[in-house]
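*Asks:* Chains as they are written, first to last, in my numbering: chain C, 14 to 673; chain H, 70 to 206; chain Y, 1434 to 1742.
Honestly, I wouldn't trust all of these hints.
Across the chosen pairs, the derived CB separations fall in these ranges [claimed, not checked]:
| hint | chain 1 | residue 1 | chain 2 | residue 2 | range |
| --- | --- | --- | --- | --- | --- |
| 1 | H | Thr82 | Y | His1693 | 46 to 56 angstroms |
| 2 | C | Ala601 | Y | Thr1655 | 40 to 50 angstroms |
| 3 | H | Ser193 | Y | Thr1655 | 38 to 48 angstroms |
A few chain Y residues that face chain C, going by a derived Cβ cut-off under 10 angstroms, partial list only [to be verified]:
| hint | residue |
| --- | --- |
| 4 | Gly1487 |
| 5 | Ala1538 |
| 6 | Arg1645 |
Since the hints were derived computationally from the structure, they do not count as laboratory data. Don't be surprised by glycine CBs; every beta carbon is placed ideally from N, CA and C.
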Amino acid sequence: MKKLFRKELREEMKAALIGIVILTGILVQVYKNCTGHGIGSGEAVQPLMSPALHREAAWFCAVFGAVLGWLQIRAEKHPDLWAFLVHRPMTRTRILGAKIAAGLCLYALAAGLPLLGLLIMVLTPGHVAAPFEWPMTFPLAAIFLLGGVFYFVGMLTGVRQARWYGSRGFGVGPAIFAAMTVFICQEFWQAVLFVAIFGGILALAVWGSFQSVGCYRNQPMPGKLALTAAFVATATLLIGMGIIGLNNLLVPESRSFAWSDYVMTTNGIIYKVSHSQIGDPEIVGLDGKPLLDDKTGRQMKLQEFDRHSAPSQGVLSRFVRQNEWNESYMDNQRFFIPWRVADKTFWYLKRDGCLAGYDGITRRLVATLKPGGNSGGFILPEQPHGNQFNSYVLDQKWILASFTTVYLVDFENRAIQPIFIVTNDDRIGGYNYDSLSQRAVVVTRQAIYLLDFDGRVEWSVPYQPSYPSYPRISVFFLEPTNRFAVEFYPDREANETSGGTMPTRIEWLVSGKGISKILDLPKLPKSTQPNHNNLPVQELACLFLPPAFPIAFAFSGDLERNLIWLAFIPAILCGIVGWQLVRRFSFAARAQMGWVVFLLLFGIPGLLTFLSVQEWPARESCQNCKKLRVVDREKCPHCGADFAPPEKNGTEIFAPLTAD
Amino acid sequence: MNFNCAINTGSSTPIYKQITDQVRLAVATGRLTVGDQLPSVRVFAETLVINANTVARAYADLAREGLIESRPGRGVFIIRKRKVFTREEGRRRLDPLLDSLIGEAMAVDFTVADLQAAFEKKLSQWQHENGGRKNHE
Amino acid sequence: MSEQRVIQTRGLTRYFGQKCAVRDLNLDVPRGCVFAFLGRNGSGKTTTIRMLLGLLAPTRGTATVLGCDSRALTPEVRARIGYLTEEHQEYGWMSLREAADFQSAFYPRWNEKIFRGVIDHFGLKTRERIKDLSRGQRAGVCLALTLAPDPELLVLDDPALGLDPVARRSLVESMIYLTRRSDRTIFFSSHNLADVERVADYIAVLDYSVLRACCPLETFRTSVQEVRLRFSGALPALPKIPGLLQAFRTEHELRVTCVHYDSTTEQALRNLSPESMEKLPLGLEDAFISYLGERGEKSFILADAEVQS
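Bound conformation, chain C alone:
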């Protein structure tokens, strides 16, 4: 076995070296993008978590893995060379095992070495100006493992003897599903589990096909099952993609929609703006009278109206603990959020609650700021997530808060200064701020405060109606500047379940004088969304996907329940077609039942699989009963007769062979 292993290594070494070169090139490119002058362009500065790197590495691993697997099998493309490989005193399984061991070693070399190099670059201080944690290696690890699944796809494509090359590649479904799970799963262990399952199915399919030289009928049963499973996955995937693709290609007939919203103007008056697909948005006051433009005398246009809308700061109070950041393992925001660039120092808000500063030139950690006490670190301000590196600090002041204290961040001295501390057991749930006007809105359990950057409280109102039924607060800055309005917006789900009995509340106040007016806004009419489905997607899904999908969707509520019966029609039809075929070709009794059940379970994708995987035996007419009978059974399934021996034509020469 070692000899075979070494021979395989030698044969494909060239491909592995080419792979190393290509991947190194890709990684160098991405690394430069992340750590070079392109900083602040929206991508993560930590190369290991860069979506571009994940994408390109995934493409490389998938393609290279598949090519490697394919090449290894095609090395013995000629049937006589295949015979040379296989006719030796070693079981096929061991021969295949040696091949796979060598192939995976080469893959690990070609994909692993450059990735390891990247990791070393990142680990060495002075290269990457961003935080590093060991779980950041998980995305690349998952992508690396993904390549292994594609390796088996490549092998399967090479091994299978199929009438047309297209059906050789039909094993690609599980690999694509594996790729999807790598990018979609929340946790690393979930992705690894799926990769292992799909990889295992494909490996089993490769093993089975290798045993039978690429045919289907003579494979051992586990191989057949795995191959069928892989093909069904591919068929389902293709059909699903086809439906979605067709849906996107078709032009929508009509995109009717209607929705309305309340907007506050700077003078404190609320208007209702109604949008629909016809004409301009309508702007109407709470009394129902349309707003007229002073200059034209006609209905105000939205563009003009927007100039009068009041600026605001919104806060979604969450009261979230630091280690409850639960983005996916592939998202860098699971570990840190790039926060500000100040004076060539990159500041990151990390998941442990610290603010970490990295010098842009030396690329080393230069400062770590942490709020005092056991306040649990900084919490996220209410600003759009993602890289704020494009908003450079220019002599501005910035705010960060923990659960109990609001701090002013001094970038020059790399220090934080508390400016506001909540009372007693109160807790900060969220905050927002505007660096230009130097004001911050801080929402605690009990009250909503407006602070300036010295910590002086301009005003505060009680947080009534409270969290969690009203989690969203917005503070509007009206004219003149001592007038404000506070909006309490209800939780959407709670509002729906209560049947819309939770109104939005507006409180007007004057700084220093308290609340002047309270109003509960009337309910808005229900909005209608444009229908994104140009095709009857649900009906198509029921017809063309395996019945398990519509049934599962119906139970989870995404599908209308009465469409389920639509899913049974194709299943039964496919079952009937399959039943006819297995009887016509005299399958074994167990195989007949197995296939019919399979077709009932998997519907049209199952039928596609059945047709592409099976090899149909020839049929000849029986000498006895004259009916057509399959040639791979000794006895006629109709009358039980044997096959007639070949016709003699009088020129036979048969004589006994005696070993002299």
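Please arrange chains H and Y on chain C, whose structure you already have, making use of the hints.
*Replies:* Chains H and Y in isolation, oriented as in the chain C frame:
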């Protein structure tokens, strides 16, 4: 031992018969005499590049005719010069050969006199070459 | 384990799609013989051999090699079978020495002397890369790698295809060398009837997927008879002769080739009142060509009327 055996494939004479014919001819012309040793089956087969069974069959036929004998541990030896044919047998064997000869002569436009002359010449040549060694029984 | 029959097939059949490549083949190959497997191109020989070695699954029927079902040849049985294909495929990038090292690791009975012997017989050097060798030299390498494990059964699929005469002769010599041991069997297919005549004990003939002959070599040759009938006048129509292979007409002559020539056939021919009738002996190649050629009457390529005098 001055015995060269050459066989042809594709001929209408089977190989084993070619061997027996050549051995018989050699004995008849005196190239092989009583007591001469023939190569063993194995060696002969490998020399001629043919199946050993073919050689074995030839040897079996020759042994049956009484021309050779296998002595265990020592080899295969010629034991008699030639087979005794009755006149009738001899004539029957020669007949087709004579037909061939005459047919060929006619084909190359030999006259009867040409043929007789050629025949006499060949015969005297042969007698001259082998006369000293040919023995009467 | 010493089986009397090294290869045995019962009803071995193989279809490719709708076409039948091998139909109901029944073969018994005894131990210790040289068995030639003959037939025209595309008559199913390679298919049969692949089925015997478990490289192709039969559609129907069974094949047993060295006592083991061909569908499930165990590694121990495979160690005792040598297989040489017509394309002489090995890994071209290996050198001879590397190929020998590679193969010898798998076979416990590897005999380096045999390997060396065959290599020297073909005049090869062990440093050369296989892809740089000529076809004949590659055949030698393949043969060396196949013979060195000292196999009990040697299966050759048209091994002399495309070889120059010297290489072909070396190949035949190696085959004869193998038969030194009486328990070694050779099963080979070939188009080269000269070599078959030299080396085979028994032959089997496949006539487009059907086995039509299986007998000792000599029996085959003597079973096929050619009779030349001369007529003074016009040629009569040919009567129905059982076992007729071919009939060839020229102006005054009718040549009939048939199988199992007996007194009834002779009488039927005499009834045509020929001027002369003689039996022509056939060589193996001619017998084979008649046996597997197109059956029935034929003239030369152009009809008599079209021949310019």
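*Asks:* Hint by hint, note whether the structure agrees.
*Replies:* Hint check:
| no. | hint | result |
| --- | --- | --- |
| 1 | Thr82/H x His1693/Y: 46 to 56 angstroms | violated, 21 angstroms |
| 2 | Ala601/C x Thr1655/Y: 40 to 50 angstroms | holds, 48 angstroms |
| 3 | Ser193/H x Thr1655/Y: 38 to 48 angstroms | holds, 39 angstroms |
| 4 | Gly1487 | holds, 8 angstroms |
| 5 | Ala1538 | holds, 4 angstroms |
| 6 | Arg1645 | holds, 5 angstroms |
Comparing the model with each earlier hint shows a violation of hint 1 alone; every other hint is respected.
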